Structures are given as structure tokens and as C-alpha cells.
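Going down the list, the sequences are from chains U and F.
So for the first sequence, the numbering used here puts the first residue at 49; every next one is plus one.
So for the second sequence, the numbering used here puts the first residue at 99; every next one is plus one.
These are calculated hints, taken from the structure and not from any lab test.
Each hint should be verified, as a subset may be incorrect.
Stated by the list, open to error - Output of the computed footprint for chain U on chain F, the stretches with three or more beta carbons under 8 angstroms from beta carbons of chain U:
1. 101–114
2. 175–189
3. 240–250
4. 292–304
Please read these numbers as outputs of a predicted model, since none were measured by experiment.
All C-beta atoms in this analysis are idealised placements derived from N, C-alpha and C, irrespective of residue type, glycine included.
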Amino acid sequence: MRLPRLHMLAFSAVLATAVFAGCSSDDDSTPAATASPSTTATATASAQTVVITLTDAGCDPKDLTLKAGPVTFKVTNGGSGAVTEFEILGESDKVLGEIENITPGIEREFSMTLEPGSFVTYCPGGDTERGALTVTS
Amino acid sequence: MLPAFVIGLREGVEASLIVGIVAAFLVREGRRDALRSVWLGVALAVALCLAVGVGLQVAEENLPQQEQERLETVIALIAVGMVTYMIVWMRQHASQLKTGLEEQVATALQRRSARALVLTAFLAVLREGFETAVFLLAAFQASSNAAAAAGGAVLGILLAVVIGYGIYRGGVRINLGRFFRITGVLLVFVAAGLLASAAHTAHEAGWLNILQQEALDLRWLVDPGSVRAALLTGMFGIQGRPTVAEILAWLLYAIPVGVLVFLPVRRRITPPRPAAVTA
Numbered sequence: 049m050r051l052p053r054l055h056m057l058a059f060s061a062v063l064a065t066a067v068f069a070g071c072s073s074d075d076d077s078t079p080a081a082t083a084s085p086s087t088t089a090t091a092t093a094s095a096q097t098v099v100i101t102l103t104d105a106g107c108d109p110k111d112l113t114l115k116a117g118p119v120t121f122k123v124t125n126g127g128s129g130a131v132t133e134f135e136i137l138g139e140s141d142k143v144l145g146e147i148e149n150i151t152p153g154i155e156r157e158f159s160m161t162l163e164p165g166s167f168v169t170y171c172p173g174g175d176t177e178r179g180a181l182t183v184t185s
Numbered sequence: 099m100l101p102a103f104v105i106g107l108r109e110g111v112e113a114s115l116i117v118g119i120v121a122a123f124l125v126r127e128g129r130r131d132a133l134r135s136v137w138l139g140v141a142l143a144v145a146l147c148l149a150v151g152v153g154l155q156v157a158e159e160n161l162p163q164q165e166q167e168r169l170e171t172v173i174a175l176i177a178v179g180m181v182t183y184m185i186v187w188m189r190q191h192a193s194q195l196k197t198g199l200e201e202q203v204a205t206a207l208q209r210r211s212a213r214a215l216v217l218t219a220f221l222a223v224l225r226e227g228f229e230t231a232v233f234l235l236a237a238f239q240a241s242s243n244a245a246a247a248a249g250g251a252v253l254g255i256l257l258a259v260v261i262g263y264g265i266y267r268g269g270v271r272i273n274l275g276r277f278f279r280i281t282g283v284l285l286v287f288v289a290a291g292l293l294a295s296a297a298h299t300a301h302e303a304g305w306l307n308i309l310q311q312e313a314l315d316l317r318w319l320v321d322p323g324s325v326r327a328a329l330l331t332g333m334f335g336i337q338g339r340p341t342v343a344e345i346l347a348w349l350l351y352a353i354p355v356g357v358l359v360f361l362p363v364r365r366r367i368t369p370p371r372p373a374a375v376t377a
């Protein structure tokens, strides 16, 4: 076995990188618990449609207050393409609804039914990935 | 253009990587005859995905995201099994190579194994295919910059195909021992990535809701929206902000199987011939 030594080296290098890179990363995405009024969109009536724009900063708006019941999220991209996905997360970050691969120019939508409670809007890759979704009954 | 290009590349490269390796593997194992089935399977998967994409559009339905993620998870797990099989198989044969039995290495794969590999290529395309078809159709109907979105998406997928073809050509040309070694290493990373990616999609499918804390920040390496990120995520399943579950899945596969691949193959220990002991 002559050659494997080199591979072994590369392999352990990758492993080491993967493991040690973890030490310097504690800037966890902070769940935005407080909804500032300026970025809070409120939908009314029974058929709710919410327009979400993905930007490099994250979801816009990132904090939402909606009524329980069916809702349609129309998702577009206003950023450079760093964020291309929008999700609604529930308890322990369970994915309740999501839409992927929204690049600039593309608009796609998805519908779901909201239960009253507190949820998370999630735009992976954004500067602020998480926002608060409050669903009132 | 770039964002659509990046997504096309990311969605396409995983499938083309696996198809390229499977095709090269079959040729190396003297099963060139099975190649036709591979291309047929790939074409079938592409047609199926486009049909579903168009069908959804005509019916004005969305791709059922959760079912899609479930499908991706199941296929990823099957693919991990198949790739592991290839790793083990190549390791055994590499050891034969070393013992100088080069001729015997070319023993044709059994028909069943060849069929399983054809199925793997088919599933690999199917896995990302639905999502990609829907994305491609959306890109062609982009409200603004449609040409850039569609052009980017198509170019991204094309580059992915070229990469897969390059792997196939390269895999066919290099000498067998080297092919086994290089592919063996590559496959460990591919399979570990597939498993991590399965952990990712299993979460999005609603199956895996523990260990979802962010484990590390790899965005310096996998910077969102870049070509490099597309290649790393597509080929090796590495996310910018992997969760504990994804890292665990990756390590739990890569370490034992990596050790298996790098461990010197057991040499047939020929007892030191007692020098001129004979009668």
C-alpha cells in the first residue's frame, strides 16, 4: 500500500477541518422573539395572502402576525441569490411549510393552514435567518 | 443569472456525479453492455420528472414539498447502501490487484449487481429531478429577467452533466488500481454527504426533529449562493450551517468507512519461508 498514505492525509485533513471549524462558530442565529411593529405585516380577512421577499438580510418581512386558517405565501427574491428558500417552522424547528429554489425573477407560492400559536419564519442563508410568526385565533 | 445557475448546478451535480461513477464502474467491470440501461434509466427519470413538472403546472398544483423531501430521504438512503456496496467491492478487488491477479479482477459483475447499479443511476436522477424540473419551469416563466433565470438554470444543469461525463471519461481512462483508489475515496465523501443530506431532507420531511441545533458555521467555505457552495452541497452534501444531526450522520459514516478504505488491505500472509530448510 503505497498510495493510500496521501489519501489518508487528505482525509484526515478534511476530517480535522470539519471538526475544528466548529470551535470558532458560536454566533448562533438568534431567534427573533420580538416583533418590531415596522416589520410586522398583518393580514386580514379569511383568505390571507402574504408576500414574502427573500433578501440577503433574510425574510422580508421577517416578523408576521396572521390569523389562524389557510394562508398563501407568495415568495419572490429581491436579493443576490444567497437566500433561495422560505420555511415556516413549528415546535423544535419542525418544518411545517416551505418553498425552495426561488432565485431572482422567480415567484412561487405555497399554501398551508395555520393553527394559533408562535412559529418561526426561516430564510436559511440570510444575515438574520429567523423571524417570528404569531398566529392569532 | 448567477443565482439560477448555482441552483441548476447544485441540483444537477449530485445526480450526474453518481451516474458518472456508476457508468465508469460498469465499464471497468466489463459490463459495458449495462451502459445502455444506465442511459435509458437516466432518460426515463428525466422524462418522468419533466412530465410531473409540466403536469403540476397544468393542474396549477404545487410540488407536495413534504412528500418530495420524503422521497429524497428514502432514495438517499438506498443510494448510500449502493455506494457502500461499491466501496466494499472495489476494496476487495483492489487487494486482488495488489496480489498481482490483475486479470481476474475483470470478472464481470453479476447481473443482479449491474441491475442494482442501473437502478441507482435512475434513482439518483429522480431524487433531485422533480425539484429541478419545477425550478426549471419556474425559471422559464420568471416575471422579470426571464432570459437570465432560464439561461442560468439551463447552463447550471449543463455544467453538472459535463462534470458527470468528465468523471465517467476520466474513470474509464485511468488505470484500474488508481480508479479503485481514487473512486473509493471519492465515494466515501459522496456517501457520507448523501447521509448528511438525508438527515437534512428527513428534517424537512418532518421525520427527524431532534439534533437540529446548528453545529457549526461553514459559511466561510460554503458561502450561500456561490458556485463553490453549489458544488460542495451538490457533490458532498455539505451545508453552510450544518445541524448536529447532519454532522453526526456525516461522521458516523465517514469515519468507519473511511478507515475501512484506508486501512491496508489484509495481505495474504505468506509465512516466512524457512530458508533452505528442506530435506
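Report the numbers of all earlier hints that the structure fails to satisfy, in ascending order.
Hint 2 alone not satisfied by this model.
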